[in-house]
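Each of the two chains sits in its own frame; use the hints to bring them together as a complex.
First to last, the sequence lines map onto chains A and B.
Our numbering numbers the first residue of the first sequence as 1 and each following residue consecutively.
Our numbering numbers the first residue of the second sequence as 534 and each following residue consecutively.
Treat the hints with care, since some could be wrong.
[Stated by the list, open to error] Simulated coverage check for chain B against chain A, where a stretch passes if three residues somewhere in it have a Cβ under 8 Å from a Cβ of chain A:
id, region
1, 655 to 668
2, 701 to 710
[What the hints assert, rightly or not] Here are the computed lysine-lysine pairs in the DSSO-like style, where the Cα-Cα straight-line distance is at most 27 Å:
id, chain 1, residue 1, chain 2, residue 2
3, B, LYS580, B, LYS686
4, B, LYS710, A, LYS160
5, A, LYS440, B, LYS710
6, B, LYS580, B, LYS738
7, B, LYS738, B, LYS572
8, B, LYS666, B, LYS738
9, B, LYS558, B, LYS580
10, B, LYS580, B, LYS782
11, A, LYS454, B, LYS710
12, A, LYS160, A, LYS109
13, B, LYS558, B, LYS710
14, A, LYS355, B, LYS738
15, A, LYS440, B, LYS787
16, B, LYS782, A, LYS160
17, A, LYS110, B, LYS686
18, B, LYS782, A, LYS440
19, A, LYS440, B, LYS738
20, B, LYS710, B, LYS738
21, A, LYS454, A, LYS440
22, A, LYS109, B, LYS686
23, A, LYS109, A, LYS494
24, B, LYS686, A, LYS454
25, A, LYS160, A, LYS440
26, B, LYS624, B, LYS580
27, B, LYS686, A, LYS160
28, A, LYS110, A, LYS440
29, B, LYS686, B, LYS664
30, B, LYS624, B, LYS572
31, A, LYS160, A, LYS110
32, A, LYS355, A, LYS60
33, B, LYS710, B, LYS664
34, B, LYS710, B, LYS666
Since the hints were made in silico from the structure, they are not lab data.
These numbers were taken from a predicted model, which means no experiment stands behind them.
For glycine and all other residues, C-beta sits at the position ideal for the given N, C-alpha and C.
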Amino acid sequence: MTTVSSRPVERSAPSVQKTGPLAWSQKHLFNSVFNSVLTVVLVGVIGYALFNLFTWALTKAKWAVVTGTFSTMMSGLYPSGSYWRLWFILGMVLTLSGLSWGILARNQKKLFTTPPLVGIGLAALLLVLLPMTRPYLLYSLGLLALLAISAVVGQALGRKVPSAGTYISGGWFVSYFVMLYLLGGNTFTDSMLYTVVAQIGLGILAGWLLSTLITAATVTTWLGRLGLLALGYVVGYYVLGNVLYAPLVGLGLSYSIFLILMQIVGVLLGVLLIWVFSDAQTLQTIGRVALFLAGFVGVFALMGWLPKQLGLEFGLETVRTNNWGGLLLTLFLAISGISLCFPAGVLLALGRRSKLPLIRTFSVAYIELVRGVPLIAILFMGQVLIPLFLPEGMRPDSVVRAIVGLTIFSSAYLAENVRAGLQAVPQGQAEAAQSLGLNKPLTTSLIVLPQALKTAIPAIVGQFISLFQDTTLLGIVGLSELLGITQDLLASPKYLGTYAPAFVFIGAIYWVFCYGMSFGSRRIEEALNTDLR
Amino acid sequence: MTQSEMAAPMTPRNDVGSEAVIVAKDVNKWYDNGFHVLKGVSMNVYKGEVVVVMGPSGTGKTTINSTYNELEPYQEGSIEIDGVLIANDIKDIEVVRREVGMVFQQFNLFPHLTVLQNVTLAPIWVRRWPKAKAEEIAMRLLDRVGIAEQAYKFPGQMSGGQQQRVAIARSLAMQPKVMLFDEPTSALDPEMVREVLDVMRNLAKDGMTMVCVTHEVGFAREVADRVVLMDGGVLVEENTPDAFFNNPKEERSKAFLSQIL
Chain A
1 MTTVSSRPVE
11 RSAPSVQKTG
21 PLAWSQKHLF
31 NSVFNSVLTV
41 VLVGVIGYAL
51 FNLFTWALTK
61 AKWAVVTGTF
71 STMMSGLYPS
81 GSYWRLWFIL
91 GMVLTLSGLS
101 WGILARNQKK
111 LFTTPPLVGI
121 GLAALLLVLL
131 PMTRPYLLYS
141 LGLLALLAIS
151 AVVGQALGRK
161 VPSAGTYISG
171 GWFVSYFVML
181 YLLGGNTFTD
191 SMLYTVVAQI
201 GLGILAGWLL
211 STLITAATVT
221 TWLGRLGLLA
231 LGYVVGYYVL
241 GNVLYAPLVG
251 LGLSYSIFLI
261 LMQIVGVLLG
271 VLLIWVFSDA
281 QTLQTIGRVA
291 LFLAGFVGVF
301 ALMGWLPKQL
311 GLEFGLETVR
321 TNNWGGLLLT
331 LFLAISGISL
341 CFPAGVLLAL
351 GRRSKLPLIR
361 TFSVAYIELV
371 RGVPLIAILF
381 MGQVLIPLFL
391 PEGMRPDSVV
401 RAIVGLTIFS
411 SAYLAENVRA
421 GLQAVPQGQA
431 EAAQSLGLNK
441 PLTTSLIVLP
451 QALKTAIPAI
461 VGQFISLFQD
471 TTLLGIVGLS
481 ELLGITQDLL
491 ASPKYLGTYA
501 PAFVFIGAIY
511 WVFCYGMSFG
521 SRRIEEALNT
531 DLR
Chain B
534 MTQSEMAAPM
544 TPRNDVGSEA
554 VIVAKDVNKW
564 YDNGFHVLKG
574 VSMNVYKGEV
584 VVVMGPSGTG
594 KTTINSTYNE
604 LEPYQEGSIE
614 IDGVLIANDI
624 KDIEVVRREV
634 GMVFQQFNLF
644 PHLTVLQNVT
654 LAPIWVRRWP
664 KAKAEEIAMR
674 LLDRVGIAEQ
684 AYKFPGQMSG
694 GQQQRVAIAR
704 SLAMQPKVML
714 FDEPTSALDP
724 EMVREVLDVM
734 RNLAKDGMTM
744 VCVTHEVGFA
754 REVADRVVLM
764 DGGVLVEENT
774 PDAFFNNPKE
784 ERSKAFLSQI
794 L
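So that you can see chain B by itself, here it is in the shape it has in the complex (with noise of 0.2 Å):
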């Protein structure tokens, strides 16, 4: 690459606001065998914004990505979702969640239910819908991610890929502002991976903010607007996918990047 090319001007790929969705600031957190596991990460994101995060395993990814709806509770630092503060002692936190999408990497589909009521449980029971409109609007999400033939079956019925594919869209049933994605292809077989790729790539297209930890480099530099290395409890690097792995910034970025590419 280029000097000039490097001067060029960033172009988003998705229609990025100024508002910021999540404002992290200088967050620190340790478990409770004393392990620092956050060493003050301050992260935003903006609405409509894609943010890839990357980093070796046990750097505290998860976890960042854990305390923006409180799963974990961090000891220092600030964390306002959508303007609200997400201190440890909020009493509302459920009200933050259902704001706040989260894919899990082992999918927790819940097993007793059959997929249509596992994507109508929360808009019944948290947003107080009518059966008839959360189910109505569950088939039309589940259409979306391509398994609306399946809503009656259970989830010990389905492929990796397809259990996935429904917790993404039990997620977005809640109408999230924002969706958190953990490593949702790493218990994935090969082939299925694309398949969950593929919708949250349409998500990505229609506008959703999402953070994303995920070790797919393709998936990055295609769709993020923004990736983001961790290590080490620390932000090393923040910047544009087409920067980040082609022109790194930091010495630790490189060693990363030459141990996957």
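Bound conformation, chain A alone (with noise of 0.2 Å):
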């Protein structure tokens, strides 16, 4: 017979033998005869290589090629009067960085843990020990700080509003359009930037507050009728007339009785839409989305109507792709491509399991061709095949065309990198949200597309990682992005045989990117876990 203590004791934790650096030492690394031996090599070796590294780094090596040529690495052939824009960027990026990182951190007590005080520490240190004139270590430094001040702040601002999340995205999606300004420059209503913001931003808006204000069934009723009214007779009289006008007219029709007869057609078809849409709900469906279109569209042409006439004709000066290099180049080149290959690579893969085989053979096709082909020769096809081929003026900018290459290419990868992630995703879960009532859009965009990318984050930003990496091969096919123009800047009798410094300089910077982005796919596969804790 056994017996049981009537009440366990409670301990806070596992009571612990030995602690300190010996015990930790003799458990890890002395624990056997053939563990002590390879410690005592593997250390020996290792630091024999650090030690000559750091009397190369610190004796022999002639860093001069990195602090005459730093900002040429940095930014090519940038006008270092316009320097401040890029500053401008920077300092937007942290700061929607900084932000981002506290509302994702918002649940956990302590922001600051070692290993962003680390990183911040350790960038703060590099700042110091790099050649840069005083200003603009003072402007790196306070980057720095903007980072940790915004981080604190969009903890708290992720704690107090819930939907801070969404607002954040916003801000990332605006910005990329922020940049893209700031960096070409041009008259400022002609940007895209303002495209977006005030034509299509607004535009939505302003359709959406129609659509929303104006709800009384009668006048949404009549507008759906009225809307129902202008497509049958615009169907009629433009599309129809269009088609029918060569052999009516050429049949002997006069022209003026043709042109009235396609109105009355118009209007008849008008007719039967409204008479083939009678019931109340759909006509009142159908005058709301009318209100939002006129909304949208009357907006859109008004705001870009508007800045013409009153001589609105302010910007900041252009300046041409062909001037942009270095590292600002490849970032710019990174950020476009992982931005635009993300959705097209989630399309592809919800395509490769779509039911309707146009579809479905048209992704396959396209991953299956895609991935047939080496990166190197999509790059050559984009900088080299498409100028020989398009006249002057129809050849798109060879940055475009570089991040169009890199998106067709990374797409077909990631598209397969989140098929995986949706065949994860148990049958069970797609059921429970149909049985709910959900419709497909739906089900795939709340339920299942979540948990799918989710579990493919590891393999998403492994994509970005080398999507980024494959920036250096757009310096062979000739862009001076930053290995091309460290090419560049090498071939200079200035900088005769000082290659290593050179490299290991660029080699460092790409290893903190890369090693940045799959800290932070980390920390936001921890913020998303949502199992036991």
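Printed below as a string of structure tokens:
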């Protein structure tokens, strides 16, 4: 018979026999003869390598190749008078990063755990060591402080405002166009930033406001009828009119009678549409869509027309893309490629699982075709072949061609990563969602895709990292991104034979960004973990 | 049981109306590999009635349940839910599905959403209720199944019995006309079976129309208005629980009962 003590003692942690570095190394480094020998040998090898590296870096290496070309490596031939724009972009990106970091970590007690503190400290130390003139050093340190401050603000914000995550995503979206405008300059009202924010953004807002504020059934019903009449008229008069023009007028019908005839056909079509969609609910829905479209198109056109009338021609000095270079170009290519290939990859993955044969075939064909071609071939095609075939005025910008090439390539690989994630979601999830009455799009976007993307984060970020590294291939096909511009600089007689320091330096830069991405992905995984903790 | 007892009129436990919520007529279904899984199943479920479907595994109990909301298509026959014919090319299947709640053997809670979000998801996105209203009703339902204080936990942090109770609350949140249970207690540890059955018992008491595929004999005896035995894709016997368990009509039923009782 066993006896059970009535009340087990509750303790906060298991008892530990020995602690301290000595006990630790005994347990982990010297726990057997073989492991002790291994430890000694490995420490010797690593120590020797590090010693040689440091003596080389401190005595032999000629760092002048880095100090003398630092600003060119960073931003290529970007005019120095416009450097403030780059600093502004950096500030914007770091503020958003800090806010996102804080919002992601809103449920954690301590924001600055050891790894980020060490990272920020190392970055500050490195900045002091780097050959920068004083104002730029101060700017850089200020940016680090900005990152830390906005992280604190972001955490507070995330705790107070539950929907802060949505706003920050919107902020990132708009910030891309702000970056694009600041980099390239041009008249403000002609820029993509203006189109996205003032025309599309305000247009959607206006349409949404109109369709939510005007809800009276009589108004929306009549608007629905009006919309259907207009649609029928447009189809009948313009579309059918253009199609039937040649046969009817060719048969000897006079032109004016033809016009009147087509107008009557248009009105009849409209009436037919109203008769077909006579259901009150449908008419009201159509009316609401018509209201939205009216608001959107109205504001879009108004905001496009207004600046010209008011003579608003202000803007920043234009900087052509062949002056973008160095790290600036590398980052621009990588960010653009990543933000374009992600949605494309998700759509391709969903397409590959679609029940519609045409979409599925297209997705499979695209993915398998692209995965069978080396990236360098796609990039060569973009940089060398397309300019040969297209006339002068129609050639897209070489940076745009590079981004398109990277996106075409990466989206195919990303699609396979996302598909793996989709297959990891149990069938029961979709069944449960459908049994609740959610339709296919809602089931995919609310239930299946979030879980699939969460599982696929490591693979997706791995693809992002390889995209970032693949930008170096553009140096080979003639763009002056970080590797390309370094090679150009090393070709000058002044820096003859100083390859090693230059390549060690840019290697370190690539490492910092790639490690940053994988570190960030692990933090996001932790923040999204919903299992027992 | 004596002859006189058998002759006594059967009194339904609930207020069973005459209005049929589910009318299945001669339903035939083949799997893609050609297996004939349902062989002419006809079954009516009336408003407020609790029907328990029993039978050996692999006989189409789960499949017939899944055809009621078109999670599984069928090839011949007809199924009407609340007067709407569930044809295979039906356009607005979602409209039917929101009236038919379903509880799965494996719970199928959404692991990336909190308990409260699990319950309010469909009311917000399908019924278009405002968030405050959906949450208020959800909290009332969670209270009813006894887990209101865990509303902000994630499913992965709960026991199986708790998860299944959340799944029931999630289905109830859509205010369905009929609830389908697909072996709701089969994946649970024995001590958690009871808490789920208690919730189902209370639901039946409140007059919910229910179709339960289950092996819980005690539950069937106590709660069911009608017990149905399925075997080999056909309905073998339909009877009151008393008659079914004590004096089954069919030889096949006797053989089945001798194995589980």
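These are the hints, each one checked on the structure:
1. 655 to 668: Held - the region 655 to 668 of chain B has 3 residues with a Cβ nearer than 8 Å to chain A, which meets the minimum of three.
2. 701 to 710: As far as the region 701 to 710 of chain B goes, the hint holds, because 3 residues have Cβ atoms under 8 Å from chain A.
3. B:LYS580 x B:LYS686: violated (35 Å)
4. B:LYS710 x A:LYS160: Between LYS710 (chain B) and LYS160 (chain A) the Cα gap is close to 39 Å, so the pair fails against 27 Å, i.e. violated.
5. A:LYS440 x B:LYS710: holds (22 Å)
6. B:LYS580 x B:LYS738: holds (13 Å)
7. B:LYS738 x B:LYS572: Judged against 27 Å, a Cα distance of about 33 Å means the pair is violated.
8. B:LYS666 x B:LYS738: Satisfied, since the Cα-Cα distance of roughly 26 Å is no more than 27 Å.
9. B:LYS558 x B:LYS580: With a Cα-Cα distance of about 17 Å, the restraint between LYS558 (chain B) and LYS580 (chain B) holds, given a limit of 27 Å.
10. B:LYS580 x B:LYS782: Within the cut-off at roughly 26 Å; holds.
11. A:LYS454 x B:LYS710: violated (35 Å)
12. A:LYS160 x A:LYS109: holds (15 Å)
13. B:LYS558 x B:LYS710: holds (20 Å)
14. A:LYS355 x B:LYS738: The hint is violated at about 43 Å.
15. A:LYS440 x B:LYS787: The given pair, whose Cα atoms are some 44 Å apart, is violated under the 27 Å limit.
16. B:LYS782 x A:LYS160: At roughly 66 Å apart (the allowed maximum being 27 Å), LYS160 (chain A) and LYS782 (chain B) break the hint.
17. A:LYS110 x B:LYS686: holds (21 Å)
18. B:LYS782 x A:LYS440: Given that 27 Å is the threshold and the Cα spacing comes to 45 Å, the pair is violated.
19. A:LYS440 x B:LYS738: Status violated; Cα separation ~35 Å.
20. B:LYS710 x B:LYS738: Holds. LYS710 (chain B) to LYS738 (chain B) sits at ~15 Å (cutoff 27 Å).
21. A:LYS454 x A:LYS440: With Cα atoms ~20 Å apart, LYS454 (chain A) and LYS440 (chain A) stay inside 27 Å; holds.
22. A:LYS109 x B:LYS686: holds (18 Å)
23. A:LYS109 x A:LYS494: Cα-Cα ~54 Å, so violated.
24. B:LYS686 x A:LYS454: holds (19 Å)
25. A:LYS160 x A:LYS440: violated (34 Å)
26. B:LYS624 x B:LYS580: Status holds; Cα separation ~25 Å.
27. B:LYS686 x A:LYS160: holds (19 Å)
28. A:LYS110 x A:LYS440: violated (40 Å)
29. B:LYS686 x B:LYS664: Holds - the C-alpha atoms of LYS664 (chain B) and LYS686 (chain B) are around 18 Å apart, at most 27 Å.
30. B:LYS624 x B:LYS572: With a Cα-Cα distance of about 26 Å, the restraint between LYS624 (chain B) and LYS572 (chain B) holds, given a limit of 27 Å.
31. A:LYS160 x A:LYS110: This hinted pair holds, its Cα atoms lying about 17 Å apart.
32. A:LYS355 x A:LYS60: violated (64 Å)
33. B:LYS710 x B:LYS664: holds (22 Å)
34. B:LYS710 x B:LYS666: holds (20 Å)
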